[in-house]
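K.L.:
These are the residues of each chain, in order.
Number of protein chains: 2
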Amino acid sequence: MANLVSPLAPAQFPTLPEIAGVRLSAAATGIRYKNRPDVLVALLDKGTTVAGCLTTSKSPSAPVDWCVANLKAGKARALVVNAGNANAFTGKAGVATVKAVANASAKTFGCKVAEVFQASTGVIGEPLNPAPIVNALADLNKNASATEWDMAARAIMTTDTFPKAATVKVKFGNQLITINGIAKGSGMVAPDMATMLVFIFTDATIPARILQKLLSQAVSPSFNCITVDGDTSTSDTVLLFATGKSEALKDLKSADDARLKPFAKALSALCLDLAHQVVKDGEGAEKFVEIKITGAESAEAAKKIGMTIANSPLVKTAIAGEDANWGRIVMAIGKSGEKAIRDKLRIKIGGILVAAKGMKDATYKEADIMPHMKGRDIKIEADIGVGKGTATVWTCDLTHRYIDINGSYRS
Amino acid sequence: MANLVSPLAPAQFPTLPEIAGVRLSAAATGIRYKNRPDVLVALLDKGTTVAGCLTTSKSPSAPVDWCVANLKAGKARALVVNAGNANAFTGKAGVATVKAVANASAKTFGCKVAEVFQASTGVIGEPLNPAPIVNALADLNKNASATEWDMAARAIMTTDTFPKAATVKVKFGNQLITINGIAKGSGMVAPDMATMLVFIFTDATIPARILQKLLSQAVSPSFNCITVDGDTSTSDTVLLFATGKSEALKDLKSADDARLKPFAKALSALCLDLAHQVVKDGEGAEKFVEIKITGAESAEAAKKIGMTIANSPLVKTAIAGEDANWGRIVMAIGKSGEKAIRDKLRIKIGGILVAAKGMKDATYKEADIMPHMKGRDIKIEADIGVGKGTATVWTCDLTHRYIDINGSYRS
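One line per chain: the protein sequences are A and B, in this order. Oh and the first sequence: position 215 is 215 in our numbering, straight run, nothing missing. Oh and the second sequence: position 16 is 16 in our numbering, straight run, nothing missing.
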């Protein structure tokens, strides 16, 4: 089945500037795909710190276990990623593969084994032979360049229909910090070929402990607030590398340092941009849906209500059918289990009030919303009316193409 | 869109015997459908006790609120059900409709207002005019008969493609107790036209308090263990009426009375039968899927894992595609949040071991499972390997037809 480009894809791939201390390289090793790069290596200069947020799945992949173990030391010199095989549910053989790649990488790149971070995405349950990756390392090392961001984003794609990247710059007086990120994911978190992987690089100088705090804060309202199908991958990985080449943030002592605010803001914006791109490449997506919850009992309650709406197959199919079916939104709020008072709910679609005081709003006419429902960007707002908790989550619609992709993926 | 009969429908409608103290009647009132019965009345003799399990949705329909309030007294003389309009999210007007129907029913049938139970299923958010129902009550009263079970099951259908009923008899010496049940639901718990409604009638003599305990026990492993799309309706209702015409169980003092065991067993079997029929009429269903979890930390954990598998769009689309994609089952177990140890999981499909010890089983060949995947009945077994908790849940596959039904339902 051809990977038609998502109708929600950005018009073009952004131009990513170089980041001092980061060199990229990709190779076509034929792990699963033919004639396309499927292994990415990012080489990181000495002094690079690293932070990560990895899947909460209870059956994580071997590379996820590897990253979690090495994040404690917080130092990175290389990232090795392959597409086509997730090395998940592969038992002891999977662990051996990760070790073999780490050992060979450490030797080739001249670093410690624990400084090699890894991620794998693709089919689950198939043994991943380390040989094609190991054999490619020498060339990957030799060919590494600071400019190959486009190729890097393409090398980690699986069912993705477009490469995903974003870049931001933060000014500190006359100094600049750059943050680049690349991502893959389609079906937020589908395990087969659609695990979400995100790699972010910056030249900022930030100790690993503080970097971790910043990353966790940025991931929570971005990658943790998107869903395509509610399925959580065995391999989801977000890694943030800071090479320390910029002088701007030197000598940070604490995550509360006021100098970090613009950096944290820029990092959050970049994460949100990449998260939206993942949703926009959701399997079969035709529409990008923003769901804003206000007035919930707490922020957690608001997020749970938002995610319940975002994961409801009935809401998602209605949006695919361009049907302003607010009754299904009421249903989803009701089933979230969070406190809600039917007669205080207020629901808007495309900015138009459709339901309030426990019933359809008297002024609402379905025809008024039709132009909005026919667009690419759908906005749903629900005020729960019981508190001050807010959250915004994003998803896509559920179309025939999702079933085509996932019902016939291996046939 | 034509309601093609589900390929999983039973070969024929079962013959339901009369139940002393129950008379049925249906009328075509044109609430939404034309030329078909859409209002059901069940008239219950004096002395009938009632128990109920209703939706846990935080935005329940007006008739659900009504039933919950009247269950406390535990006495019933009439059940009035309409199809085509759910009377959900209809504000004060919805409450007024329920009261109007109850008042008129009490007058027509000669009982107390609080003895009239009600349920509504159909579109959400549209006001339900009580007049067509109220105007039909006199004829419904006059025409009531003990034999019209088939018509009763048809009168409550919405998107259902076949009427659902089951009957069991329980012997006590030379006495017999009969239990009849009818159900509607398609898309377990879709709010628009697919709310699950179940009405069960028996001639047993059982106090309301004990009846409630028996019903709750029977509902937990049956209706609460099925899912079509994971969506919870504003209107889900299971009511059990006991007319007290049989002498078999007279003078029950406690739910622990040993005489109740065969009754409880029969009630559970009937609930499971009806629950399976609801899944088999799941919107777009082509396959009936049983998921059996063993070795979980607790029974609750086992059910959560089972339901996470059953609600995973990736698992459901794989089954629709006849793809023995066990990697998605691993993924779903991992995302359930329950304790699981990757290297102890054992997964069988159609009785064939596919994965164990953290990887694909060495003896497993996909071709061996293909005949099973091509059948109508799919069996998935997962042993979690961490405890003794077990649960079995049921679902159906996710097909293009689900999207057809739900994406274009109102257009």
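One or more of the hints may lead you astray.
Pairs involving identical chains hold if they fit within one copy or between any two copies, as the list cannot separate such chains.
Claimed, not checked - Below, simulated SDA-like cross-link-like pairs (lysine to any residue); rule was C-alpha separation at most 20 Å, straight line: (1) 379 / 366; (2) 379 / 247; (3) 339 / 370; (4) 250 / 261; (5) 304 / 56; (6) 304 / 337; (7) 365 / 91; (8) 92 / 357; (9) 261 / 383; (10) 344 / 65; (11) 171 / 375; (12) 250 / 20; (13) 339 / 286; (14) 250 / 224; (15) 92 / 341; (16) 265 / 304; (17) 250 / 91.
For the record, the hints were derived by calculation from the structure and aren't laboratory data.
K.L.:
Find the hints from earlier in the document that the structure breaks and name them by number, from lowest to highest.
P.N.:
2, 3, 9, 11, 13, 14, 16 and 17
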